[in-house]
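**Q** Chains as they are written, first to last, in the numbering used here: chain A, 232 to 1133; chain B, 232 to 1133.
Mixed in with the good hints there might be a few duds.
Copies of the same chain are indistinguishable here, so a pair counts whether it falls within one copy or spans any two.
Unchecked claim - SDA-like, lysine to any residue: derived pairs with alpha carbons at most 20 angstroms apart:
#1 K1052 with A1018
#2 K408 with S731
#3 K652 with E804
#4 K991 with G298
#5 K1052 with A978
#6 K916 with D1040
#7 K652 with A558
#8 K1078 with Q1065
Since the hints were made in silico from the structure, they are not lab data. Here the structure is a predicted model, which is why all the values come from computation and not from measurement.
There are 2 protein chains.
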Amino acid sequence: MAKYLYTFGGNAAEGRADMKNLLGGKGANLAEMCQLGIPVPAGFTITTEVCTYYYDHDRTYPESLAGEIDRALEQMAGVMGATFGDAADPLLLSVRSGARKSMPGMMETVLNVGLCSATIPGMIARTGGNERFVYDAYRRLIMMYADVVMEKAAGVEVAEGEGIRHQLEELMEGVKKQRGCQGDTDLTGADLKALCEAFKARIHQVLGKPFPDAPRQQLDGAVGAVFGSWNGKRAISYRRIEGIPDEWGTAVNVQAMVFGNLGETSATGVAFTRNPATGENVFYGEWLPNAQGEDVVAGIRTPDAINAASKTETNAHLPTLEEAMPAAYRQLLEIRGRLETHYRDMQDVEFTVQDGRLWMLQTRDGKRNGPAAVRMAVEMADEGLIAKAEAVLRVRPDQLDELLHPMVDPASEGRARLLTKGLPAGPGGARGTIVLTSDKAQELGGAGASVILLRTETSPEDVHGMHAAQAIVTAKGGMTSHAALVARGWGKTCVVGCGSLDIDVAAGTVTVGDTVLREGDVVTVNGTRGAVYVGELPLIVIDPAKNQVMSRFLGWCDELRTLGVRTNADRPEDAEQARRFGAEGIGLCRTEHMFFGEERIRAVREMILAESVEERVVAVDKLLPFQRADFRGLFQAMAGLPVTVRLLDPPLHEFVPHEDALLVDLAQTMGVDVDQVRARVEQLKEANPMLGHRGCRLGISYPEVTAMQARAILEAAAELRAEGVDARPEIMVPLVGTVGELADQKAVILEVAAAVMAEKGIAELPFLIGTMIEVPRAALTADQVAAEAEFFSFGTNDLTQMTCGFSRDDAGTFLPLYVKKGFYAADPFQSIDQAGVGQLVTMGTQKGRSARPGLKVGVCGEHGGDPDSIHFFHGAGLDYVSCSPFRVPIARLAAAQAAIKG
Amino acid sequence: MAKYLYTFGGNAAEGRADMKNLLGGKGANLAEMCQLGIPVPAGFTITTEVCTYYYDHDRTYPESLAGEIDRALEQMAGVMGATFGDAADPLLLSVRSGARKSMPGMMETVLNVGLCSATIPGMIARTGGNERFVYDAYRRLIMMYADVVMEKAAGVEVAEGEGIRHQLEELMEGVKKQRGCQGDTDLTGADLKALCEAFKARIHQVLGKPFPDAPRQQLDGAVGAVFGSWNGKRAISYRRIEGIPDEWGTAVNVQAMVFGNLGETSATGVAFTRNPATGENVFYGEWLPNAQGEDVVAGIRTPDAINAASKTETNAHLPTLEEAMPAAYRQLLEIRGRLETHYRDMQDVEFTVQDGRLWMLQTRDGKRNGPAAVRMAVEMADEGLIAKAEAVLRVRPDQLDELLHPMVDPASEGRARLLTKGLPAGPGGARGTIVLTSDKAQELGGAGASVILLRTETSPEDVHGMHAAQAIVTAKGGMTSHAALVARGWGKTCVVGCGSLDIDVAAGTVTVGDTVLREGDVVTVNGTRGAVYVGELPLIVIDPAKNQVMSRFLGWCDELRTLGVRTNADRPEDAEQARRFGAEGIGLCRTEHMFFGEERIRAVREMILAESVEERVVAVDKLLPFQRADFRGLFQAMAGLPVTVRLLDPPLHEFVPHEDALLVDLAQTMGVDVDQVRARVEQLKEANPMLGHRGCRLGISYPEVTAMQARAILEAAAELRAEGVDARPEIMVPLVGTVGELADQKAVILEVAAAVMAEKGIAELPFLIGTMIEVPRAALTADQVAAEAEFFSFGTNDLTQMTCGFSRDDAGTFLPLYVKKGFYAADPFQSIDQAGVGQLVTMGTQKGRSARPGLKVGVCGEHGGDPDSIHFFHGAGLDYVSCSPFRVPIARLAAAQAAIKG
């Protein structure tokens, strides 16, 4: 016969900690604590299978369950020395939910079950005649039960704010007013007794049923209400957000009530086995004398510190548990040690002292912030509590992010005035004065001011202002918009797609609804949450470079991972930053970012507007010294490490001015007719620029551009090598769809290489020629492409666009709906679409290596910094990922975790 | 020891017809004729392997070759009764190329080899003292040899028009002038003899070498020159165009000269074993008395007909060969029968009569036009000469095209005045007066005039004018531009991308260079060749429906093919046309083409501009009756056959007006603010509309549109079935990338279906729901998609765009270069890219059927009408292709050929 219920209590239990799927997290840990000999009020857990049965069988239970409950209640009586429903020595019960994963506050709880006319006198006797205590417990039971069981679980429909609970609260307020009471505690036992009668009468009147006076009926009702609350609106929407499957179900924990509010020898508290905010290995917690658990959580009374180490400014003057109840504290401290040794992780525990006796009500792995997570992981490994691999698994990649950026102090955000919300495109916090143009940002930022650049959207022409700003906020664009890409590359705080933002550059105003801010006003940006606040909020800063613990932690990651981590960087500063963060080379240098300098853009435009090869060669030659200097800087910053340089990629239209005044100006300085310039600019417009004349298609049409870039790269490398610097360029041809394109460009590059070597009189100049795999056809024919490629780098941004058939610029109109409807598990531009795009990555890698064994394969899209994607790439057998500098530590961690999980 | 040379002559030969790879086409057939006992001047063929050897070994020959030539020359002497180099009875030789595939005029020839001071007297004696004949032959040898062997093959560089041949011709002109001669024939033997001496002196002086006087030296030089010409500029570029591999090489045929110009008992001619223009089973040819072969080809003299059946207007008065040389004609007629029986195909032969004796110089499969190809194939099968399958293989798909459209008379094109050239987007010929606007085209065309619509480019707003025009010509756009797609759909003549065309609608003029035409001027369009002519040229028309031979031929195709053929059609007329052409259903009905009618477009725009679901439903409901009527018509035209209807696909921006005046008008009639309309139109603009909010993404955002279309389809089907018409709708969801999208839209359609059936009170309404596979991801995850799809239809146009990563609208800037450079074997929008896109078609089909065995899979892109693509689809196991109505017969033929070839 199936077993539907597991008992625990009295240093024994039928369950264990590893039975979370069946017993829920809470039930499994209660059982485990009993097995460990830790004092836990006796009780039993009704399994999650019953929840499934309940929903599969029209909200009924397995036949055998009632008998199992009977037997369990008998067993509890033996352990606790009191009996549920017994008039003389009654046992009261709590009935709580407990799912596999914690869903705090999402399901129902009923306390004090078992109080009724028959047991109240016995209870009063048990509590030494404390009538007030008992009737207060009774009125709480009635309120909770009427609300949760008799109204909600029964499916009674009520208008908002008119439910039974509200009515009962009004009744109570009336009595308090009548008695001139300040708080609940001013009501006497007699007041409460009368109130209970009034409650029951109102319930009968409103809900048409009497409040049950039989303990067992109360218990059955409460159990049903907890199971019922699994499919309550709140629980369902929480599961959707957290990705918890509906079929998991919840368990129900029925447990003997213990009371921390029976007088000065009673108390209740919450503790962490280590400090969850810093990770320090000290016992840390709060307690309240003569109180129940909910009082600690409710925050009405300021809790005291359990010990000296836990004291804060607000409670330093209050007695600690250690001082007030030394015996209970010593026992708690001993349990703390036992729990950590047993669970091998920081525990978050709830306890109650009833008449001087300590009871543990819950233990679970404690939540912690990023710095604490890293410190605990490292120290626990040092203590020998866990292995290094285990330590690495203990830190979530997003927790590392907290160590890399200043953060807006979360405590301050609740009170702050929200200006607008958008997408969290660049993590961290920043504050400064508003500027609305990039020139202004450069001007003020260059002079040392902290500025926040607000734009409707950004283009390559904004780059100087973006660089000068502390943070960037845009009204339009998604997670892979220009602003987002650039900001992430620089580790800059950025919020994009703030739809409510109305920016009037001419007027110098930013309007959101009724709020109007002006240039010069101060805002604070939380790029981790995607929020912008009016005014200045405090920031928390941790310097990662000086963080020894983090360095050691990331060192362990490096020992464990097999996937390399490079960075996407176009400037020496970024490369140096990334190298400090542990980057093992550059996986993507976008050369076109180098084209926007003031002196260069003119030559770039001349190159684009050239009418003949000869004219183009003249313009291109002007760019050569700039590019050579750019590459020198990068190779130097990454000396000894590979630097993958992508040849010119974007459509030429992106480089030409769009305003007529600029066109006229350009024509004048170029000495050509403005109509000619206009005509050429017009000609460059494309119906679908994403699928147009770009990538290697440019180099094939204009081989002189490829030749110039190859020359700049190879001359820079040759010069540096002559100076003893180990430059290791890898030249990457973008947007290849056929092997022929790569072969064509490779021939141009090799010809230049031979010329450079001859000119410099050198016999050897190590470099590689490879290609980006970003066109689906390239992945499909990777065996052919690999015949010419010395390395592959998956450009998963474009590969996603073409494989899924949507442009990231345009997908905003439907992609959020697609994610919501579950067509994609996540935004495929943030986390790789494994079934579709991922299939091409796997296929391309396998086919490529089938033609060229040992082919070096990497990823240089935004996905290279996404932990889930990194797991996938590890599984696909890639050699490295490349991501923006500030994602490098995260990628190192994710790669290590992927390796550990195999 | 390797054999490098194959002799033939005297009813014997070492080679055979099936040795074309080794002996070339000409050599193999000469050998075969000898084997058949047909009189052929003796000779030998030096194999293609020698050509390969020659280029692999620095232009030298295998050691044994010279000895083989010696022996072959001895053998020839035995057969021909004259000896090469013999003073008394000299044999002269022709030295000609002969590749595996004919490369007419691309390589060199040297005739009369062997004439020298030693043999000239003997030759004069052999020709009965014909000194003039001999010195004329000698001067021809010298001119040819100096040019081909001593200058070209020796790699002497000369400026254009200053080569040795030119100098010798000037010398000859000088003599003619001096003698007061009209033509070459007026020069006497003495004149020619003196000229030969002058030639040789000039050669020695200019080229620094004497003209060789040793026959064997002449022969070796000529053989080397022929091999050398395999890598001449002309030959190389011809091979590039025809796709002939360089490594094939050419053979060299050395053969005894025979002379048709030895007097009135000599003659020469060319004949076809059947009429190549009509296919009629009559012997057909031309001849000239007292002439050499080149005289027939040169066209200086009008050739006579060989028999009564071959007479034309111009030569009806001249004696036929049958009349003039009855014995030779009888022998030729007998050979004609023997060749056809032997080769089982129409032969193109060259013959010479020397002194009354018939010699066959060449036989090969004769070229023929489309109508002739079909007639010959059918008649030869009827005659039992070939099997039906062989007959089907005898007609190239593009030859069928000639039977489906009026053609510009090719004879007239040479003389015509070309206006412009472009891409041959819609085959056939048409002529009419120029119109520059679609409204004008409709006005005049509707009144019965033949008009040619010339536009810079076309949009859906031009459709009425395009329909009214005889042909469409555009200045911009490629083979899959709007104009091209629409024209092909209607089988309309169309030339696109005529870059030189400058159209000024306001002035009513069309300018190309100096030519200015006005509206009303007449032009003729050859859509098969992509040419537009000034003025009216004659057209040739064959009515395919009345062509019994073609009907029988296509019937045989249907017996043999396994691939189904459907049509792409949006209008009942097109569907009917396609059905007459043999379409077995509609594979693609683009519903958006139905949205452009005058009454409809307003409702469509209201739908697009709706601000709420309610407003949208109102607009959508207005469209329902139109759509229902559209589908009724189509289902009726295709009664009993499946009709695949694609739900709304294009981005909404395509439906809104782009000119401000129209926006204002629209706002007024809709009763909304024009700024609101402008804003919404602006909002609809996309960076990459191809990858934007379109396809099922529209139906998912606006399910009411899907519901309306599903209702229109199903109501139309239900009504028709009630009337006894067998309507078979297949509803196709476009642009699916994930199975979730299809499931979403399927749910909407099924809900409508249930409602329609309930409303109509019917229990059964057969229809299918399937999807287009056009996003790469859909092909990659076809196993998942097939779980929801009852059929797949590959949309290879979009699939090509996304897989190869280029938009057809923008690819014009680089795709021609890509094809030229060989990155793609052909334009991937015209013939499917088998390695890339084709891989996804194969994968999608296999994965789809793995999840749903027997899944119906078709293709509805433009590739469905391309023979090479059809071969591929047959091999990939597809069930059907769908193409424009006028491609249906071609697809039936291509499908049959694919089935035959396996």
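**Q** Flag every earlier hint the structure violates by its number, smallest first.
**A** Hints 2, 3, 4 and 7 are the ones this structure does not satisfy, whereas the remaining hints hold.
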